[in-house]
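Number of protein chains: 2
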Amino acid sequence: RPMKMKVTMSVDNRSYWAVMEADIKAHLKQAIPIHPPLSVTEPMDHLIFAAPRSLAPALCIAACELVGGQRNQAIAAASALHLMHAALYTHEHLPLSKPKPKTKPTIYHSFKPNIELLTGDGILPLGLELLARSDEPTIKNSGRILRVIIEITRAVGSQGMLDGLYLENKCSGSDGGDDLCDVGWMAHVGEKKVGEFYACGAACGAILGEGSEEEIEKLRKFGFYVGMIHGMVLFGRDSRYEDKKLLEVVEGFRVLALKELEGFKEKQILETILE
Amino acid sequence: RPMKMKVTMSVDNRSYWAVMEADIKAHLKQAIPIHPPLSVTEPMDHLIFAAPRSLAPALCIAACELVGGQRNQAIAAASALHLMHAALYTHEHLPLSKPKPKTKPTIYHSFKPNIELLTGDGILPLGLELLARSDEPTIKNSGRILRVIIEITRAVGSQGMLDGLYLENKCSGSDGGDDLCDVGWMAHVGEKKVGEFYACGAACGAILGEGSEEEIEKLRKFGFYVGMIHGMVLFGRDSRYEDKKLLEVVEGFRVLALKELEGFKEKQILETILE
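Residue numbers (the numbering used here), protein chains in the order written: chain W, 1 to 275; chain L, 1 to 275.
Pulled out of the complex, with its shape left as it was, chain W reads as follows (with noise of 0.2 Å):
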């Protein structure tokens, strides 16, 4: 596979991302217990699949790439990441009893809710026994492999995605009384749901593949800067931007990320993410 990935990178850089999304999910395939009973299985898998692309875990191996790193000592990272995303995505759609999000689509659910609760929940720790379980005592990367786990659950966390899930949860249809809600708050949400955990994405990939710190912080705010273009992409529609003032804090934020990028080698595979 890494032949053929090579071969048509030269062709189309697309491709290489396109490759790299195929690596993780045949990854998580393999990795889904395939023990009965199905009824536990079947949610699994489908509500891993279901939740929208994140980038987090694509960065993630671009970042190992870049720093001169092997794909293999990113994909369990890679797949944690996209497992933490899906779980909270389970959570974030889930019917509860009152009171209802107000500004959330109307998803499809294929299950019911407490089968979506309980799956969630077994997704999150299924992310970090993969991550753990990568470890290889042969390469001493223990250390590097605690660290990640300290990354990816700090960006989940109450400190991190959650905490934009919170405010998204508090002042989405809010009336503007609660002082949490000011002007700022989408902003934030957009940091936390999405910057952030994009920039966890990246830090953990150069972190594997065993960059040096000032690589590790430069494609930390790389991803940082290509997550709320993606973020604004998402959400744009539903703020209250003017298509050109998007446009404008959308190439902002391109030109930042481009910046971080100064310096390395094959920084352009990285840079058609933000093609």
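Careful, some of the hints might be misleading.
A pair counts as met if it fits within one copy or between any two copies, since identical chains are not told apart.
[Unchecked claim] Here are the simulated SDA-like pairs of lysine to any residue, each with C-alpha atoms no more than 25 Å apart in a straight line:
hint	residue 1	residue 2
1	Lys244	Gly184
2	Lys140	Ile150
3	Lys244	Ala187
4	Lys25	Gln159
Just so you know, these hints were derived from the structure itself, not from any lab.
Given chain W, put chain L in place with the hints provided.
Positioned in the frame of chain W, the structure of chain L alone reads:
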């Protein structure tokens, strides 16, 4: 504190467990993020301590000390076990829009369901973060911590505690028409929700205390039997067991548990958990 503990222990072994519970609580209090907003950390603090007591964290520390380890080697894992238990207990009691759990007791909800859902989601990664951060490169315990992360994520994951929750959810109030809900379902639930979780706690303590593989497996079995006893006492009233039969089953597990402790020097401390 260790000095005081030893003095108390000679007077009353049960104080060993009380001091341990206090140590775990102190560790958790200090570990809960104190950053604002309070609207996130307040429900977190509440829900972490709202769940009924599980003995898995105490077993973790006791097993660590039994194989010759220090309390501080196991305190992060014990705290992580408590957080896993608290997170899943919170989610187990969420009021979902349909179908409502039938046999669950009505519990007092201090917060809205969306907050309880997100808070549970925040507690899970916090536990694993604490554990990963307890890595101390100077004592080269990364490999053991990763092994414990695998133990814990499996014990709570889709093949562990969630398997039990799922079956309980499905079979509580079932009319018996489902193949899954045969006569053995309640025993399976007890094994997954309590037995294997306690087993995991004791095994993790033995791993972190640098016990031998034989010691780890003996303490895992000990924890399992303690969990089954605790589960019988917790769930016994709801079951169809007569009181006499229940006592017989508990006594059987007690004998098996004591057998696993044979050969350990300080075994009388662990024996008191069975009193």
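Checked hints:
{"no.": "1", "hint": "Lys244 to Gly184", "verdict": "within (20 Å within a copy, 64 Å between copies)"}
{"no.": "2", "hint": "Lys140 to Ile150", "verdict": "both (18 Å within a copy, 18 Å between copies)"}
{"no.": "3", "hint": "Lys244 to Ala187", "verdict": "within (18 Å within a copy, 63 Å between copies)"}
{"no.": "4", "hint": "Lys25 to Gln159", "verdict": "between (28 Å within a copy, 21 Å between copies)"}
Checked against the numbered hints given earlier, the structure satisfies every one of them.
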